[in-house]
Amino acid sequence: MTYDSPSVARSELQGWVGTVEYLRQRTRLARQAFWFPLVLLGLVVIGSTPLYFQPSEQAQLGLASNTVFKAWPASMPLPAVRPGHAAQLVHGHSYGLPACTAVHGIVYFPCVGSGRPVAGFSYFPGGYNVESPRAIALYWLVALPLSYLLIGWWYRRRARLRGVATSPVAYVVTSLVLVALLVVASPGVVHLLHLPRALAVPFVADLGLRGLTTLFTVGLGLVVLAYKERSRALGEFAISFLALALLVNLYDLENFTYRLGIHVGPEVGAFVPGLYLAVGGIGFSAARRRAQ
Amino acid sequence: MSHPAEALDDVVHQRTRLGILVVLAEAGRAQFSFLKETLLLSDGNLSRHLTILEEAGYVTIEKGYEGKRPRTWAKITKAGRRALGGEIASLKALVGRLEESVADPAPKSSRSAQDVAG
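Those protein sequences? They're chains A and B, same order as listed.
1 is the number of the first residue of the first sequence in this note's numbering; add one for each residue after it.
1001 is the number of the first residue of the second sequence in this note's numbering; add one for each residue after it.
Think of the hints as simulated: they come from the structure by calculation, not from any bench.
Treat the hints with caution; some may be incorrect.
[As the list claims (entries may be wrong)] Each computed DSS-like pair below joins lysine-lysine, with the alpha-carbon atoms no more than 27 angstroms apart:
hint : chain 1 : residue 1 : chain 2 : residue 2
1    : B       : 1078      : B       : 1063
2    : B       : 1078      : B       : 1092
3    : A       : 228       : B       : 1078
4    : B       : 1075      : B       : 1036
5    : B       : 1092      : A       : 228
6    : B       : 1036      : A       : 228
7    : B       : 1092      : B       : 1075
8    : B       : 1036      : B       : 1078
9    : B       : 1063      : B       : 1075
10   : A       : 228       : B       : 1075
11   : A       : 228       : B       : 1063
12   : B       : 1068      : B       : 1036
13   : B       : 1063      : B       : 1036
From a predicted model like this one, the values you see are computed outputs, not experimental measurements.
Using the sequences and the hints, build the whole thing.
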């Protein structure tokens, strides 16, 4: 093939390069399907929300729900418990305070805080400072592997129906390995199997406290999926989700919502990341439909 | 220094075969029906180009069944990825050279515009 001038040849070759880019984009769009894992994992995380509900401090102490908590002045001795008034002793609670006392419907602050003793180990990913670490651990250890297998099946099915799809193997295997690694690192597993305690990898700072550590495995898995899907948008979303996971693992989100006038408990720490995933998945799905 | 046109691979430097390799490089593997639809080719035309690419060792063909329906999958090989990378690099280099030629009509090499355009 010959051309009359360099400008004609240049246009022709630029057309080739443009076609290459067009086909690449079109194929990428056809094979990407990461909205499904996002929506599914979002629903799974939202589904865990009831496990993070905690009875109010009043309920934990067996007090009326309208009992008011106030800070106890350090200079004053604790008042004596008077007959006919609500009073509760809480031993060994997490703040190391000896007792708390309620007088005239008012509970003074030394007895607030978590009334539960802190266990020496945790059933990953159940956490410490939650109502039922075992229930939370069981939920994640069943729900996450099932979700990953379902996602693998979804990609395979899509490949059969559409003739093209991203291979889910690396994503599914990485996600399952991440969950398995954290289970092995769980002090609870080391305890149950009577292994040397030195094998238990301690969770850094408060990361194991709130029972939300699994969110990191979800986020890291999504980074791998973004690489396999060659999606910068998903990569950025996964990084932002990891940042959110770090936030809810280290900070009681309900303190923030309280300032906004929304009175919720620790369950918000599971609900918000779940909602973020699900809404993100729906958004990516809508954007994909528009692009097609 | 060799001219970029000399690096062009005759097997890959053909629009349809280049398109097949681009799709497969992006997808890893794709069904015959997807390639046909995406590249707007007839069955016979696609088969002919896939055979050429397979003979060159740039793709592998897998045939199987999905239930009772026959399915054909094409997969790009490492050699195919290398050939595609070389072709795209050569195309971009050629475009660069031609842009220089358009900006400065004085010939910079002994090769003409007709030569480089393949």
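How the hints compare with the structure:
{"no.": "1", "hint": "1078/B to 1063/B", "in the structure": "holds (20 angstroms)"}
{"no.": "2", "hint": "1078/B to 1092/B", "in the structure": "holds (21 angstroms)"}
{"no.": "3", "hint": "228/A to 1078/B", "in the structure": "holds (17 angstroms)"}
{"no.": "4", "hint": "1075/B to 1036/B", "in the structure": "holds (14 angstroms)"}
{"no.": "5", "hint": "1092/B to 228/A", "in the structure": "holds (26 angstroms)"}
{"no.": "6", "hint": "1036/B to 228/A", "in the structure": "holds (24 angstroms)"}
{"no.": "7", "hint": "1092/B to 1075/B", "in the structure": "holds (25 angstroms)"}
{"no.": "8", "hint": "1036/B to 1078/B", "in the structure": "holds (23 angstroms)"}
{"no.": "9", "hint": "1063/B to 1075/B", "in the structure": "holds (11 angstroms)"}
{"no.": "10", "hint": "228/A to 1075/B", "in the structure": "holds (16 angstroms)"}
{"no.": "11", "hint": "228/A to 1063/B", "in the structure": "holds (25 angstroms)"}
{"no.": "12", "hint": "1068/B to 1036/B", "in the structure": "holds (21 angstroms)"}
{"no.": "13", "hint": "1063/B to 1036/B", "in the structure": "holds (16 angstroms)"}
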